[in-house]
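**Student:** Could you build the full structure based on these sequences and the hints that come with them?
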Amino acid sequence: MDSWKSGWHSWLRMRTIRSLLLVFLLFRLFPGGHSGNGTSRPAVVNIGALFTFESSIGRVAKIAIEEAVKDVNANSSILPGTTLKVQMQNTNCSGFVGMVEALQFMETDTIAIIGPQSSVVAHIISHVANELQVPLLSFAATDPTLDSLQFPFFVRTTHSDAYQMAAVAEMVDYYNWKQVTAIYIDDDYGRNGLSALGDKLAERRCKISYKVGIPPESGANSSDTMDLLVKVAMMESRVIVLHVYPQKGFEIFSMANYLGMMGNGYVWIATDWLSSVLDSTPLDSDTMEKIQGALVLRQHTADSDRKKAFVSRWNSGGFPGLNSYGLFAYDSVWLVAQAIDKFFNQGGVISFSNDSRLSTGGDSNLHLDAMSIFNDGKLLLGNILQGDVVGLTGRIKFEPDRSLTLPAYDVINVVGTGFRRVGYWSNYSGLSTVTPETLYMSPPNRSSADQQLYSVIWPGETSVKPRGWVFPNNGKQLRIGVPIRVSFKEFVSPVRGTPDKFQGFCIDVFTAAVNLLQYPVPYQFVPVGDGKKNPSYMDIVNSVYNGVLDAAIGDIAIVTNRTKIVDFSQPYVASGLVVVVPFRKMNTGAWAFLRPFSPLMWIVTGCFFLAVGIVVWVLEHRINDEFRGPPKRQMITVLWFSLSTLFFAHSEEHCERSWTDGATNMALCGSHNQLQLHSKPHINPHSTTALFSNQRNRKLEGRQ
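Read in order, the letters of the sequence shown correspond to residues -35 to -1, 1 to 669 in mature numbering (1 follows the signal peptide of the UniProt record, and there is no 0).
Honestly, the hints are just simulated from the structure, not real lab data.
Treat the hints loosely; a few may be bogus.
[Said to hold, decoys possible] Here are the simulated DSBU-like pairs of lysine-lysine, each with C-alpha atoms no more than 35 Å apart in a straight line: (1) Lys143 / Lys213; (2) Lys255 / Lys430; (3) Lys172 / Lys143; (4) Lys466 / Lys498; (5) Lys172 / Lys466; (6) Lys176 / Lys529; (7) Lys454 / Lys466.
[As the list claims (entries may be wrong)] Estimated spans, in silico, between C-beta atoms of each pair: (8) Thr370 / Tyr488: 23 to 31 Å; (9) Met199 / Thr370: 40 to 48 Å; (10) Phe453 / Asn410: 47 to 55 Å; (11) Asp320 / Lys273: 43 to 51 Å; (12) Asn410 / Pro7: 46 to 54 Å.
Idealized CB from N, CA, C, for every residue including glycine.
**Tutor:** If you want it as structure tokens, here you go:
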């Protein structure tokens, strides 16, 4: 029995040794083999971060990224056995510095980069990311032109300015303003954002009436900025959209306050550059005083228990204020960490290969050979784009165009020493006082009746909505087109001897309407036509549409094709065709029944009756007893028969009646005809005939 046990243990030891040797040989033969269970995961994974450390966004983003890396490494459910490390580089908002530092990342085993913060830097670094196939996750580059077609490895983990400008356009339309003045920073961020604003305003029949490009900080000059603001103050629009960087933005507000442009009548709408500063940096009372009444947009982040816990931890850590970009930076780290974890689960391996296009000559000091392509960069990029997680900002999911799902903004109003939220904007339901998360549970509703915001304290500490425009100090007078008519001069006609003055009913109505306005309206009349024939009213309407004329006055008919291109005032003249003919009062009497016919017509009618009677007598007197007898009787019968043909259809029954009954009937019918004549208006037949004959031959020259 003991020998059997000893043999069994020996056989088991030998089998175990053989199995271990087989496993050892497999690992030696296939050192880079993929493993779906994560046994080939490296101990450390390196990612990079590029942003400006000393900016209002960068100060918050730096801490948020560090906290996110700590939380990822402390969570055993993600990247088990692997430590996530991040290396940060300061770009100082310089495209050149950002490109150099991005190239330095490529000399290491960096498989993803968080950033950059600036849209200008993102344009440059995205070219590097495309070549080396390293995903670039930007939490603050909002330039709408950073699309996936040109930059396939660029992933925006925040909302594009295309949505922010849509929110601005809806606010402008909500308050019934039609024109805005745009002040923007003259670089990729400002120009492309302004282009998106113009498109969104055009969709709502609004426009940018004046654009002011401010040079970037490197070329900015205070006196030049002051001169530009003076020009803005002379423009018509009082609605100003400010899309710049924080430093330049506060400088503009300070100058605008000095010029009196922060008072009554002005509207200032600042994009989210201002909200990022208000959330992260306490401002002194003097600075807050200069931005009173401004409307500001801030990227909306949903409230959640996880967010509240993080904000509480943030506040207790003595950090600067947390803005929305800090939350997006935090979520970007988690997004890339989960994508890397999925990358390893799919058997992905961190490996790099040299690009022959980057090889240099032996005497070159660029060391481009040190940079290499991330072999599985497309696999990691796909995992990032397929991510669907819930972070501090809410749900993180990408649409087919790579934009984050359900973009939304807070609308805040700077009041006193702080600000208050007056509503929300979402791409789902537009402007609302209800949180977007609540609206997402109902079908989308973009009707104008449901677009709402709370009351706003405007510049000048007033709650009355500004009109949004004034007549510009350097503006031209309104050019009012007036037709020089040949006919119907009572509507409008030039004053003799003064070609620029007009009179008439239409002029009186226009003058009365202008006098009711509470502000002066400078205008000048522009005559249209040569005075020899009526001008084409359609040409006048087209001149208004094309901007040659600002408006037109006259008896211009409101018809469908004209309403499609211009706006009309309320009609002040009833439409229709009226025939005017002479009227002559006639005396009434017993012989009034003779007036329908002239005397000559009555003589012809009498002769006709006699002729008919004679013909009937010739035909009937030989066979009809009624036409026989004494000559007097025969004469009465002939006359009676001729007159009765006007009123009766002859038959045997009628023939048997006496002539006295017929005379009675004729008297009654004659009375009826007389009543009809007196109940109708007397119209000169010659005038009526001429009018309608003229209408058939040519178009009636009336109201055009």
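**Student:** Compare the structure with each hint and give your call.
**Tutor:** Checked hints:
no. : hint                        : result
1   : Lys143 / Lys213             : holds, 27 Å
2   : Lys255 / Lys430             : holds, 19 Å
3   : Lys172 / Lys143             : holds, 6 Å
4   : Lys466 / Lys498             : holds, 19 Å
5   : Lys172 / Lys466             : holds, 33 Å
6   : Lys176 / Lys529             : holds, 28 Å
7   : Lys454 / Lys466             : holds, 14 Å
8   : Thr370 / Tyr488: 23 to 31 Å : violated, 51 Å
9   : Met199 / Thr370: 40 to 48 Å : holds, 44 Å
10  : Phe453 / Asn410: 47 to 55 Å : holds, 50 Å
11  : Asp320 / Lys273: 43 to 51 Å : holds, 47 Å
12  : Asn410 / Pro7: 46 to 54 Å   : holds, 51 Å
Violation of the numbered hints given earlier is confined to hint 8; every other hint is satisfied by the structure.
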